[in-house]
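Protein chains: 2
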Amino acid sequence: MQQNAIRHHSFGKPLEVLKLESIEQPQPQAGEVRVRLERATINPSDYGMIGGSYGSLRELPAVAGREGVGVVEALGAGVSGVEIGTRVRFPGEDGAWQASACVAAEDLLVVPAEVPVDQAAISFINPPTAYCLLKKIVDLQAGDWVVQNAGNSAVGLSVIQMAKAFGLKTISQVRREELVEPLKAMGADHVVLEGSGWPKSVADLTGGAPVRLALNSIGGESAIDQIKALGEGGTQVTFGGMVGDKVRFPTRFLIFNDVRLTGFWWDQFGKRHGVDAVRAIMAEVYAMMADGRLKLPIEQSYPFSEYKAAIQHDSQPRLGKILLHP
Amino acid sequence: MQQNAIRHHSFGKPLEVLKLESIEQPQPQAGEVRVRLERATINPSDYGMIGGSYGSLRELPAVAGREGVGVVEALGAGVSGVEIGTRVRFPGEDGAWQASACVAAEDLLVVPAEVPVDQAAISFINPPTAYCLLKKIVDLQAGDWVVQNAGNSAVGLSVIQMAKAFGLKTISQVRREELVEPLKAMGADHVVLEGSGWPKSVADLTGGAPVRLALNSIGGESAIDQIKALGEGGTQVTFGGMVGDKVRFPTRFLIFNDVRLTGFWWDQFGKRHGVDAVRAIMAEVYAMMADGRLKLPIEQSYPFSEYKAAIQHDSQPRLGKILLHP
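Protein chains in written order, with the working numbering: chain B, 27 to 352; chain U, 27 to 352.
Rather than coming from a laboratory, the hints here were simulated on the basis of the structure.
Misleading hints may appear alongside valid ones.
If several chains are the same, the list does not tell them apart, and a pair holds so long as it fits within one copy or across any two.
To be verified - Capping the alpha-carbon separation at 27 Å, the derived lysine-lysine pairs in BS3-like fashion look like this: (1) LYS254 / LYS297; (2) LYS161 / LYS210; (3) LYS162 / LYS254; (4) LYS162 / LYS45; (5) LYS254 / LYS321; (6) LYS226 / LYS254; (7) LYS210 / LYS190; (8) LYS297 / LYS161; (9) LYS321 / LYS190; (10) LYS334 / LYS226; (11) LYS190 / LYS162.
If we strip away everything but chain B, and leave its shape as in the complex, we get (with noise of 0.2 Å):
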């Protein structure tokens, strides 16, 4: 059997190096089951990967893609317990954008039903380094500030509702007017424009409380404001480098404002503390997807014959996420 998938042979820019390419569908060993792709995610990460930049890459030639939600459809020998047509994280070792792919049995991450099929897709990846970025990184109470750049991503609109879940305050720093209106109406209590001088103001933002927690994936001139918006003692955790301008080291607030600089990779947060952490904290995204205080939005799916499409629709302004299915 044959089955489609989204390769590529060389590390490069996505539209250039991918291909829609025939390969063997693959047979579960004991002990795994073959999930079949419902919904593949497009993460900026993914560009990381194919273009050859990403802390962890894969051995070409490599299907394309880290996150997908698909439903068993074959087990292999040994395995019970598992049922076919149970929903799961498909597995994205091997690369996302695929028809099926395998995995070990005892390593499946299943999605409850309660949560939908869109939401579940892109549930694996953002929202619980979100979630890590506001619990595992400093101690914050109820009240405490958080600032974050790229609010209108997948991960800064789930900070921005989890915090407001957890009682935080949020400041997104975003680079249009127009996000503005729709990130305060998913529950932001600030949005300031990148390059505004914001940080000057900080403190009627906070009514003069200090930022405590300042989150990155961009870099820049956009990191460099969050670290002087930072109280003292302060901490910035970088979990993306989206732009990576040339910016002047901030030395001298780590060492007169004890701003402390740290990295948090999602990653490597499941290889360090195994599958079962993993889980506890799915729970929680799950229990917050669940209810409806965790909502993202979807921008459109693509089939997988139509990839070039998603991707260039990727690279345009919007607030949802593009998805592909096969």
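Place chain U on chain B using the hints.
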């Protein structure tokens, strides 16, 4: 009574704004003692305060200098238990480059008799900074590797000698080949030339052990090299910024290598933790100075009247500290 003081009436370059002036000798108030300066130190951070870039600045006109040692020469009303002639830290809050200054008797930092006066003069900032960098940032174990830049600075030389005493291993970055042997003679495990690409072969230097802590007082490429050399989960602590070259913000190391960047400022440590914590650390420093495990080179001591020559000498390549005396 009048006394000499090296003061500045505006912020700027030391040789342009400093003046040797005659000012009123201070009289100890109730609870205070007056200390007569024996030796004051010239530290790089003095230039930051004179120039107006340091973390905390004095009101103008200001006596320059942050560090010195002297003897108690007069007691204010109600002071008991302090003997005239006791060697103590010269109060740096009011500026150390003056013939005498007053301090609350309860804040006195007493120098043990076994410590030579020149070593005492440079004991209050650089050695406790080095001590805290090695003891208060990450929990190092004997055999752990530490990298530092400005290996020939007074902090750098303190780090080399203290690391030796604590069973830690050091890689010291320097800019001049002729510093390699003197630093090794003081106990440096490895001395590397900045810009030589040494991080590529860091595993050869450590025998494959990870570098757990990087000490940065320079910034620029020298700091980035340290970040590249750090092992996963390693910490870089910045405590000075002598060169502020523009460098790319090293976000990928934060994300993928779990490197953390933090800062240290001895002045702030003292304010936060109080005089007893400072005394406890100074006791450790003096124990090492008393038995010779810690000995910092002194280049020359100049009288106040030759302060310009002292500052010019301080700008030249050298290994020892320049001191001032009234």
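Results for each hint:
1. Taking the closest pair of Cα atoms, LYS254 and LYS297 come within 27 Å of each other only across two copies (22 Å); inside a single copy the shortest separation is 33 Å, beyond that limit.
2. In the homo-oligomer, the alpha carbons of LYS161 and LYS210 lie at most 27 Å apart inside one protomer (22 Å), although the nearest pairing across protomers, at 45 Å, exceeds that limit.
3. Taking identical chains as interchangeable, the C-alpha atoms of LYS162 and LYS254 lie at most 27 Å apart whether they share a chain (23 Å) or sit on different chains (25 Å).
4. For the identical chains of this complex, LYS162 and LYS45 are neighbours neither inside a copy (39 Å) nor across copies (53 Å), given an alpha-carbon limit of 27 Å.
5. In the homo-oligomer, the alpha carbons of LYS254 and LYS321 never lie at most 27 Å apart, since the shortest distance is 31 Å inside one protomer and 39 Å across protomers.
6. Taking the closest pair of Cα atoms, LYS226 and LYS254 come within 27 Å of each other only inside a single copy of the chain (8 Å); across copies the shortest separation is 33 Å, beyond that limit.
7. Within a single copy, LYS210 and LYS190 get their C-alpha atoms as close as 11 Å, which meets the 27 Å cut-off; across copies the closest is 56 Å, which misses it.
8. Proximity of LYS297 to LYS161 under the C-alpha cut-off of 27 Å is restricted to the intra-copy arrangement: shortest distance 18 Å within a copy versus 30 Å between copies.
9. When the C-alpha separation of LYS321 and LYS190 is checked against a cutoff of 27 Å, the pair qualifies only within one copy, where the shortest distance is 13 Å, while the shortest distance between copies is 56 Å.
10. Taking CA atoms no more than 27 Å apart as the test, LYS334 paired with LYS226 passes in neither setting, with 43 Å inside one copy and 39 Å between copies.
11. For the identical chains of this complex, LYS190 and LYS162 are intra-copy neighbours only, at 17 Å inside a copy versus 36 Å across copies, given an alpha-carbon limit of 27 Å.
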